[in-house]
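Assemble the whole structure, with the sequences as input and the hints as a guide.
2 protein chains.
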Amino acid sequence: MNKAAKIGFIGTGIMGGPMAGHLQKAGYSLRVFNRTREKTQNLIEGGAVWCDSPAAAARGAEVVFSMVGFPSDVESVILGENGVLSAAAPGTILIDLTTSEPALARKIYQAARAKNVGSLDAPVTGGDQGARNATLSIMAGGDREDFERARLLLEAMGKTVRYVGPAGAGQHTKMVNQILVAGIMTSMAEAFTYAKKAGLDLPTVLELVGNGAAGSPVLNRLGPRIIAGDWEPGFIIEHYIKDMTIALREAAAMNLELPTLSLARERYAAVAAAGYGRKGTQAIVKVEGHEAGVEF
Amino acid sequence: MNKAAKIGFIGTGIMGGPMAGHLQKAGYSLRVFNRTREKTQNLIEGGAVWCDSPAAAARGAEVVFSMVGFPSDVESVILGENGVLSAAAPGTILIDLTTSEPALARKIYQAARAKNVGSLDAPVTGGDQGARNATLSIMAGGDREDFERARLLLEAMGKTVRYVGPAGAGQHTKMVNQILVAGIMTSMAEAFTYAKKAGLDLPTVLELVGNGAAGSPVLNRLGPRIIAGDWEPGFIIEHYIKDMTIALREAAAMNLELPTLSLARERYAAVAAAGYGRKGTQAIVKVEGHEAGVEF
Numbered sequence: 337m338n339k340a341a342k343i344g345f346i347g348t349g350i351m352g353g354p355m356a357g358h359l360q361k362a363g364y365s366l367r368v369f370n371r372t373r374e375k376t377q378n379l380i381e382g383g384a385v386w387c388d389s390p391a392a393a394a395r396g397a398e399v400v401f402s403m404v405g406f407p408s409d410v411e412s413v414i415l416g417e418n419g420v421l422s423a424a425a426p427g428t429i430l431i432d433l434t435t436s437e438p439a440l441a442r443k444i445y446q447a448a449r450a451k452n453v454g455s456l457d458a459p460v461t462g463g464d465q466g467a468r469n470a471t472l473s474i475m476a477g478g479d480r481e482d483f484e485r486a487r488l489l490l491e492a493m494g495k496t497v498r499y500v501g502p503a504g505a506g507q508h509t510k511m512v513n514q515i516l517v518a519g520i521m522t523s524m525a526e527a528f529t530y531a532k533k534a535g536l537d538l539p540t541v542l543e544l545v546g547n548g549a550a551g552s553p554v555l556n557r558l559g560p561r562i563i564a565g566d567w568e569p570g571f572i573i574e575h576y577i578k579d580m581t582i583a584l585r586e587a588a589a590m591n592l593e594l595p596t597l598s599l600a601r602e603r604y605a606a607v608a609a610a611g612y613g614r615k616g617t618q619a620i621v622k623v624e625g626h627e628a629g630v631e632f
Numbered sequence: 337m338n339k340a341a342k343i344g345f346i347g348t349g350i351m352g353g354p355m356a357g358h359l360q361k362a363g364y365s366l367r368v369f370n371r372t373r374e375k376t377q378n379l380i381e382g383g384a385v386w387c388d389s390p391a392a393a394a395r396g397a398e399v400v401f402s403m404v405g406f407p408s409d410v411e412s413v414i415l416g417e418n419g420v421l422s423a424a425a426p427g428t429i430l431i432d433l434t435t436s437e438p439a440l441a442r443k444i445y446q447a448a449r450a451k452n453v454g455s456l457d458a459p460v461t462g463g464d465q466g467a468r469n470a471t472l473s474i475m476a477g478g479d480r481e482d483f484e485r486a487r488l489l490l491e492a493m494g495k496t497v498r499y500v501g502p503a504g505a506g507q508h509t510k511m512v513n514q515i516l517v518a519g520i521m522t523s524m525a526e527a528f529t530y531a532k533k534a535g536l537d538l539p540t541v542l543e544l545v546g547n548g549a550a551g552s553p554v555l556n557r558l559g560p561r562i563i564a565g566d567w568e569p570g571f572i573i574e575h576y577i578k579d580m581t582i583a584l585r586e587a588a589a590m591n592l593e594l595p596t597l598s599l600a601r602e603r604y605a606a607v608a609a610a611g612y613g614r615k616g617t618q619a620i621v622k623v624e625g626h627e628a629g630v631e632f
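Residue numbers (the working numbering), protein chains in the order written: chain A, 337 to 632; chain B, 337 to 632.
Be aware that a few hints might be false.
You can't tell identical chains apart in this list, so a pair holds if it fits in one copy or across any two.
[Said to hold, decoys possible] Within a straight-line C-alpha distance of at most 30 angstroms, the following computed DSSO-like cross-link-like pairs (lysine-lysine) qualify:
| no. | residue 1 | residue 2 |
| --- | --- | --- |
| 1 | Lys578 | Lys622 |
| 2 | Lys533 | Lys495 |
| 3 | Lys495 | Lys578 |
| 4 | Lys443 | Lys533 |
Because the hints were derived from the structure by calculation, they are not lab data.
Below is the structure:
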């Protein structure tokens, strides 16, 4: 992919915005579309061309990225009317960075191949911070040759960029990540509630356990926010519920029970019902603490 | 504590052995007792005095450490016949490093104080590796002045050494750690099983998720062992079940439900029932995978 290549980028929010910015800094010409136009402002000041539909962003682009919210959004911006695929020229590569459904990734791949368009499902992990610092892990499914053609673009946005298998494998790999997060989050809620009930000093406890085997980037990033009573999102609860729902559906299709994940989804549903659906995933501690009689 | 001080050390296994070794290297004279005498060999070659009971190890010692298996062992070596407290002189400090019960820690503290002996409950986290490298986190409950007197000894064995509150608070803090571990372990079992069912390449998946937000020292240490089919213990399942049982009992006493921890104990009970009680905690993946129809 040489630097003269035009790149379409759809979805320039908390994650997509800084990721597109890295491509721009690397010298690529961007064609951008976002539901809320204001969120493209920085990119446009940097030289990106505003496009008023996903199809328009795809016109003349060699690669088109999407980083949107829900699988229904992915389906709409790629397969819908005025979607990317309605305008993508043969030889284009579509790369969906959204965490979405393996089955939808395969459907998009088939629809794209029928038009001689390539397709990768390439969800990411590492959060808003990883997006800003270009330290994301990116896990790509699809045809290996498409991955190799797009590799430099992905490496401009991530630190650990890997091909993981055929269409849908990127999403499956991301589901593995989200399954791991489930137990970290529910245990964190239980651990903080226990600590507060036992009368322990939370910053000291966090320092001790955060440096030990039970530490994790999640704990060390969210623990201080919990102690500060900061429930603003790094990662939005509604999005995490979406991911867990996908993972449980995929697991069921493989005849697999995931009790920790089921428990986490159930508990996050209660957190959302308590009004925290647009807050960060750490708000589980506030709601569960309250139920247990301790206030965070 | 000057370097002429004699230090009793009871329990010189996977954890206690290297920890006592750090004290020896720092110049202190050790008096050691262990159920299996052979495990004191290295220390004795380094100049430690073999003692044939906990009481004997306590004689003439200014500080007496214990690092044994179960709360019943702690009770026996400290409060039992020929236990440490039967021989400890006034002014001695007992420091139990075992992960044990907050209530037992308070009982020992009271019994010790009645003889003008100090007592700290100071469990650790960081595993066998942390013990060997002196990078443990050590969380001490008891009287602050006893902690300050013993601080240099603790700092010879750990990197993050903190006073956390009155007798029992060290154990409570360790329970917070073990609660956090529960969800990490059950999620890891579910994540590996899902990955294998989905046909993913496990080393690639581990590299991607291990570098992301869901990574943890536990995952990055145990993941490669799981992939290699190595079930030997860093941390023994029977000991972890003991810890979870203590935490659930303490939580119940505070009128607190911990569903993730309950789930983890239930699942580890099944893993132990399958014959893996003396294997490492990572063996949960082998047993759960087998139940789900995939072999690790």
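These are the hints, each one checked on the structure:
For the homomeric pair Lys578 and Lys622, the shortest alpha-carbon distances inside one copy (21 angstroms) and between copies (29 angstroms) are both at most 30 angstroms. With identical chains, the CA atoms of Lys533 and Lys495 are at most 30 angstroms apart between copies only, with a shortest distance of 27 angstroms across copies and 40 angstroms within one. For the homomeric pair Lys495 and Lys578, the shortest alpha-carbon distance inside one copy (26 angstroms) is at most 30 angstroms, but the shortest distance between copies (40 angstroms) is not. Proximity of Lys443 to Lys533 under the C-alpha cut-off of 30 angstroms is restricted to the inter-copy arrangement: shortest distance 21 angstroms between copies versus 50 angstroms within a copy.
In the structure shown, no violation is registered for any of the earlier numbered hints.
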